[in-house]
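Residue numbers (this note's numbering), protein chains in the order written: chain A, 33 to 169; chain B, 4 to 536.
These are computed hints drawn from the structure, not numbers from a lab. Nothing here was measured: the structure is a model prediction, and the numbers come from that model. Quick reminder that beta carbons are idealized off the backbone N, C-alpha and C, glycines included. Incorrect hints may appear among the rest.
If you only want the chain B side, here are some residues facing chain A, beta carbon under 8 Å, derived [claimed, not checked]:
hint : residue
1    : D174
2    : G203
3    : P210
Over 12 Å on every C-beta distance to chain B, these chain A residues come out as not near it, computed from the model [claimed, not checked]:
hint : residue
4    : E37
5    : E97
6    : A99
7    : V151
Listed next, the stretches of chain A that the computed footprint assigns to chain B, with coverage defined by at least 3 CB atoms under 8 Å from CB atoms of chain B [as the list claims (entries may be wrong)]:
hint : stretch
8    : 55-61
9    : 74-83
10   : 113-127
11   : 156-162
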Amino acid sequence: MTLAEALLDTLLPGDAEFPPGRGIADRLRAHARFGPPLAMILQALPEDLALLPQAARIIAVKQAEAAHPAAFDAMIVGVYSLYYTEPAVAQIIGRLTGHSAAPPQPQGHALAPFDPALVAVPAGRGPLYRPTPEVPT
Amino acid sequence: MDDVVIVGAGASGAAAAWKLAKAGLKVTCLEQGGWVNPADTPSLRPDWEVARQTTHHPNPNVRQGPADYPVDDSDAAIKPFLYNAVGGSTILWGAHFPRFRPSDFKVRTLDGVADDWPISYEDLAPYYAENDRMMGVSGLAGDPGNPPREARQMPPVAPGIAATRMAGAFDRLGWHWWPCDVAINTQPYGEGRGACNNCGPCDLGCPHGARSATDVSYWPAALRAGVKLITQARVFEVETDAQGRATGVAYYDATGQVRRHRAAVVALAANGLGTARLMLLSQSRRFPAGIANDTDLVGRRLMHHPTGMVTGTFAEPMEGWRGPFAVSILSQHFYETDPARGFVRGYQMQLIRSDGPVGTAVGGYLPRVPWGADHHIRFRQVFGHTASLTVTTEDLPRMENRVTLSDHLADGNGIPAPKMTYTLDGNTRAMIAHGITSATRAFTEAGAIDITPQPLVVNAGFHLLGTACMGADPAASVVDANARAHSVPNLVILDGSVFTTAAALNPTSTIQALALRAANALIRDRASIGVAA
């Protein structure tokens, strides 16, 4: 396991349904915007991160986060962005929630007509806006 | 020589350009960005949420696009939102389209704070209506929280599961709420513009043209009316004669060459940040501190809409990824001053739907989902189960909140970047605190199982207002009631810079109505405006 994969598995260990984060390592490393902060964080981690016990891994990653908060923040945005747009992850989310793995367009979602009965209560309240000399209620 | 040169092709520049050209004036508009093809929206791509975090982020400092200029926000509590393109920031907006209330124009008279506008709601009402017809508005007449007005062009957007539930909670609490007015087509409307298909991320653009933006609403008609639009033109100075009257503008073209464009009237429509920057850059013997800046008010009185947010998590799915993310219903129950609350003026609460998987994990409406062993447990709890209420407050003008020129940042042409200096005052903080309590109560009433407040969302409430304020007194304002600079009669400010006060509502509808009114005054008064020789 590479250092980046060990980092990603520490950030996103996965569970019975979701895969661990290591699958995005190559994409993250190669990403023009997210690659540089990843590189900075990797430099702040022990090279043998993959060999450390889980508790020690977490401590090491937290230390890197504290030492380089801006880079870590940018990297996390990248990790979550690439992980949750992985087709396999999108499929899992779709199965769990009904959220489509397809892009929002072109199909979108059905647009239900507005039901005017919904406003029966507020419509009955009468003018609530504050009068002015030009616009009395 | 043109009759009018307009700087900026966004919400206000497009509206004014159309109106002026339709009346027969010779108009050129200079825009530092280019055209954005709606068919290129990232919403058509699997990585659409990555685009939201990068190339289509609302903050130019994050986005770093080729047309963007950096913003020095190191001393700003709220981060900037703007876009440089034909259509301006309407390219990336959520299309919430409320009008200001009549009381918003009279805060000095009613509440003894800030300043009254030199115009009233009634003065602006015909221009609101004209603008609604051009942009296309969906909504519902009969809101008791606002004066009666004509029917919207289309029925409201469907509220969705969460808004329906929150509406019931508001009803039981006896609080005002109403469907949002939105510049989104619920039916085909306008030139080749289709109906919304409820996809969600309006901010990424709309391939159907359903979500209005001025590139698809005003610009086709403006170009037909004869407006000359020059893109990739970055204006860096309003030029003046010895008397200080505007003679035109200087800009860098797409190749980096300096060009000059002369016009009888110069109109600035570069938003509350860009316009102040350009005015401060436009120094001359007559105006050593920037054009029309005799009073040292240019750049000052910067107002946003500081926003708190409360997110409710429900046991049941809310499916908040369906439907326009920013708009469904709003409550103005706490909009007006009540001395018992301990602050002056008030706030609106606007229901926001929820985010996609990336947005949920990265955070925004809710704090970021923490990394580590419990990440996916938390993600399952919140994804698709939340709705949020913004607490959008009225920001009263203060001289120390301002736009200046950065001493260390510049854009690609070497033009100094704008610097925002901005803090919240105690009145605003008290308002947000009250709003968080109110929103929490509403979510409790609605049956949320978990409620998370955020006292200030730094990437919300970013409207750019007030930096060339409108007023009747030349000693206490930059422009007059017709948006013409007191000290430069042929300089017009069309964007949100002219706001005397900010109200607690999204400003685009008011910005555009003011631009149409200013254009109308120019058409009417053109023969008597003192232009450069």
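*Of the numbered hints stated previously, which ones are contradicted by the structure, given in increasing order?*
Structure breaks hints 5, 7, 8 and 9.
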